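**Q** Position chain B against the provided structure of chain A, taking the given hints into account.
Number of protein chains: 2
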Amino acid sequence: MTIPVLDVRAGIEAENAARAEKVRAFLKEKGVYLVNLMASPGAGKTTLLCRLIDELKTGFSIGVMEADVDSDVDARAVSMHGAKAVQLHTGGMCHMDAKMTLEGLMAFGDGLPRLIFLENVGNMVCPAEFDTGAQLKLMLLSVPEGDDKPLKYPLMFQVSDILGVTKCDTMPAFDFDFDRLKHNLAVINPSLPVFPLCCKSGDGVEKLADEIRRRVCSIIPRTC
Amino acid sequence: MTIPVLDVRAGIEAENAARAEKVRAFLKEKGVYLVNLMASPGAGKTTLLCRLIDELKTGFSIGVMEADVDSDVDARAVSMHGAKAVQLHTGGMCHMDAKMTLEGLMAFGDGLPRLIFLENVGNMVCPAEFDTGAQLKLMLLSVPEGDDKPLKYPLMFQVSDILGVTKCDTMPAFDFDFDRLKHNLAVINPSLPVFPLCCKSGDGVEKLADEIRRRVCSIIPRTC
Numbered sequence: 001m002t003i004p005v006l007d008v009r010a011g012i013e014a015e016n017a018a019r020a021e022k023v024r025a026f027l028k029e030k031g032v033y034l035v036n037l038m039a040s041p042g043a044g045k046t047t048l049l050c051r052l053i054d055e056l057k058t059g060f061s062i063g064v065m066e067a068d069v070d071s072d073v074d075a076r077a078v079s080m081h082g083a084k085a086v087q088l089h090t091g092g093m094c095h096m097d098a099k100m101t102l103e104g105l106m107a108f109g110d111g112l113p114r115l116i117f118l119e120n121v122g123n124m125v126c127p128a129e130f131d132t133g134a135q136l137k138l139m140l141l142s143v144p145e146g147d148d149k150p151l152k153y154p155l156m157f158q159v160s161d162i163l164g165v166t167k168c169d170t171m172p173a174f175d176f177d178f179d180r181l182k183h184n185l186a187v188i189n190p191s192l193p194v195f196p197l198c199c200k201s202g203d204g205v206e207k208l209a210d211e212i213r214r215r216v217c218s219i220i221p222r223t224c
Numbered sequence: 001m002t003i004p005v006l007d008v009r010a011g012i013e014a015e016n017a018a019r020a021e022k023v024r025a026f027l028k029e030k031g032v033y034l035v036n037l038m039a040s041p042g043a044g045k046t047t048l049l050c051r052l053i054d055e056l057k058t059g060f061s062i063g064v065m066e067a068d069v070d071s072d073v074d075a076r077a078v079s080m081h082g083a084k085a086v087q088l089h090t091g092g093m094c095h096m097d098a099k100m101t102l103e104g105l106m107a108f109g110d111g112l113p114r115l116i117f118l119e120n121v122g123n124m125v126c127p128a129e130f131d132t133g134a135q136l137k138l139m140l141l142s143v144p145e146g147d148d149k150p151l152k153y154p155l156m157f158q159v160s161d162i163l164g165v166t167k168c169d170t171m172p173a174f175d176f177d178f179d180r181l182k183h184n185l186a187v188i189n190p191s192l193p194v195f196p197l198c199c200k201s202g203d204g205v206e207k208l209a210d211e212i213r214r215r216v217c218s219i220i221p222r223t224c
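Chains as they are written, first to last, in this note's numbering: chain A, 1 to 224; chain B, 1 to 224.
Calculated from the structure, these hints are not laboratory results.
Please read these numbers as outputs of a predicted model, since none were measured by experiment.
Any given hint could be a false lead.
Computed far set for chain A versus chain B, every beta-carbon distance over 12 Å [said to hold, decoys possible]: (1) D7; (2) R9; (3) K30; (4) P41; (5) K57; (6) T58; (7) D97; (8) T101; (9) F108; (10) C126; (11) P144; (12) D169; (13) K182; (14) P221.
Straight-line Cα separation of at most 30 Å, DSSO-like style, residue types lysine-lysine; simulated pairs [to be verified]: (15) B/K22 <-> A/K22; (16) A/K152 <-> B/K152; (17) A/K149 <-> B/K28; (18) A/K152 <-> B/K149.
Ideal Cβ positions, reconstructed from N, Cα and C, are used throughout, including at glycine.
With the rest of the complex left out, here is chain A (with noise of 0.2 Å):
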């Protein structure tokens, strides 16, 4: 008995990764650096953003894209820190995909800003599966969530380019571990730059700005 076995995810990740070099072709003639935020639900994606936006932009103007089912909070408490902001209704969606993201970038019309992030949905799962054309994946990590995540949810940690670890505070009320967590990652992702954070008091947010600082001016030495 032989059974016909079809990879009809194959064809979607064709027509995205088609769409995804389009994004990334914008990007580059616009001279955007495109930053694709990705965590779990309630990590602090947004409380990070404000702490961002606060330390970059007398250097670039920025913009954010928030994706959400159906609020504008996020978008409003961005937009309080300086940030042009457009939000994204996904509809029930669990990814921001590379269409979805031009459409995005249309949607700041003219003015687009040189830094733009992405707040993708809170979702361990499904963003890490979808290349947008962002230059870099940015996903956080929260102490309460575990140091075993890695374990769990693999690709997540394998496609992104830098991990913040939030919530560093509460690290005494949890049995979260660096060593465990560098561990964790050493087959899935060795090389991945790991930055403590602490939001609330804004502990290693500037190195992590910095770095980013750093990778846009690599991208877009012009604008430094």
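**A** Positioned in the frame of chain A, the structure of chain B alone reads:
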């Protein structure tokens, strides 16, 4: 402060709707009846399918498209009962869309069965949101899941044409009430036909099979 709000979901939906029309045209041209079978993981989709195949295979050639993350256990099970099976690996996607469905239909090649079941990914949310082009949406709710599920997953119950309630033999062990279920359905989809099923004993399967046969014959009379 005005924040532009963009419904990025709309583009995805429009694209899928256009592709669902293609599926419908294909099914009409070939004289094929497609059933989209949706439920939570473990609700008994495959067990019911095996029973339905036994009931219906004397009348129609039957095919099954098994959408799974990456196994082919279910495809082997339905094959044993005489259905032509195609295994669709969704690679992490939580639903089938019209594009993937069309790919699956093509995989049957020249020997397209008259009646095809698409066993969707085990999930109560995403599959409800994507029109696959199927003529019939059959959803299952198992007794252990509880009679409150229409309140938690309204869309699934709203878009479905038939509801099968599986594992009815376990009703004494769970606080499941058919009147409460119908009360919960009253606002969402009051005319939804409900079929109590026990796939272990086979109770109720014949009645459901008769209903499916009636619907196939009304759409493709020349097969009956």
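**Q** State the violated hints by number, sorted upward, taking the hints as numbered earlier in the document.
**A** 1, 2, 7, 8, 9, 10, 17
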